[in-house]
Amino acid sequence: MGAFSSPRSETLRVWLTDLQRAAELRSQRHLQRVLRPVQSAQGTTVEIQGRSYVQFCTNNYLGLANDPEVIDAARAAISRYGTGAGASRLVAGSMDLHHQLEQALADFKQTEAALIFPTGFMANLAVLTTLAGPVDRIVSDKLNHASLLDAARWSGADHRSFPHKNLARAKTLLARPASPHVRRGRPAPAPSAVPPP
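So the sequence shown is numbered by numbering that gives the first Met the number 0: it starts at 0 and just counts up by one.
Check before you lean on any hint, since a few could be wrong.
What follows is a set of in silico ranges between Cβ atoms, one per label pair, in the way DEER data are often shown [stated by the list, open to error]:
1) Q109 - A72: 22 to 30 Å
2) D149 - G83: 33 to 41 Å
3) P6 - A167: 41 to 49 Å
4) V126 - A167: 22 to 30 Å
5) H97 - D71: 30 to 38 Å
6) V134 - R20: 35 to 43 Å
7) R50 - W14: 37 to 45 Å
8) K108 - G62: 19 to 27 Å
If you're looking for bench data, these hints aren't it; they were derived computationally from the structure.
Values in this document were obtained by computation on a predicted structure and should not be read as measured data.
Yeah, the Cβ is synthetic: ideal placement off N, Cα and C, and Gly gets one too.
I would like the entire structure built from these sequences, with the hints used as guidance.
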């Protein structure tokens, strides 16, 4: 049986050929990404394929992932709650632990409330897509974290990026007149305009 041929399959074939060519080029330039499983606890050093390496790329900034007190607390929480919430917080996964942590953070920051997210990526997405929208402009460094760049795009705002650390270009983008539907700042709504919860 011959291969199915249509405009869509031809587009797919071209796309796959281009993708393969790009992968080969990345490989020739030694730019391909390789997953190297860590075989030890995350710390200042890690073991990969039986060798010890100094770890410079961790998110375990404070070393809490290996702290005996944190490990004991995690064990106790798993014994009581299991290994997952079972649902999103909005549906049925909002546990008393979440509320206790949010209250502790709010007290620590001396603010009315706090909201936790599972990752920094999710926090950036939630905040930026909530605060910015189609009538806003976001100007950002091209090398900002992917979460900020994605959030800027997904917010619907007029998103412009400038080359890394190029403040002259950033100033140019900020000074450029906005399109008629974009305003240069969003004033806080008057208290009477805020709908009750």
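Consistency of the hints with the structure:
For the pair Q109 and A72, the beta carbons lie near 24 Å from each other, so the given range of 22 to 30 Å is met. For the hinted restraint 33 to 41 Å between D149 and G83, the CB-CB distance of approximately 25 Å leaves it violated. In this structure, P6 and A167 meet the distance hint of 41 to 49 Å, their C-beta atoms being roughly 45 Å apart. A C-beta distance of roughly 28 Å is found between V126 and A167, which places it inside the suggested range of 22 to 30 Å.
Look at H97 against D71: about 20 Å separates their beta carbons, and that is not inside 30 to 38 Å. The hint said 35 to 43 Å for the Cβ distance between V134 and R20, and at roughly 41 Å that hint holds. For the pair R50 and W14, the supplied restraint of 37 to 45 Å holds, since their beta-carbon distance comes to about 39 Å. A hinted range of 19 to 27 Å holds for the C-beta pair K108 and G62, which are about 23 Å apart.
In the structure shown, a violation is registered for the earlier hints numbered 2 and 5, in ascending order.
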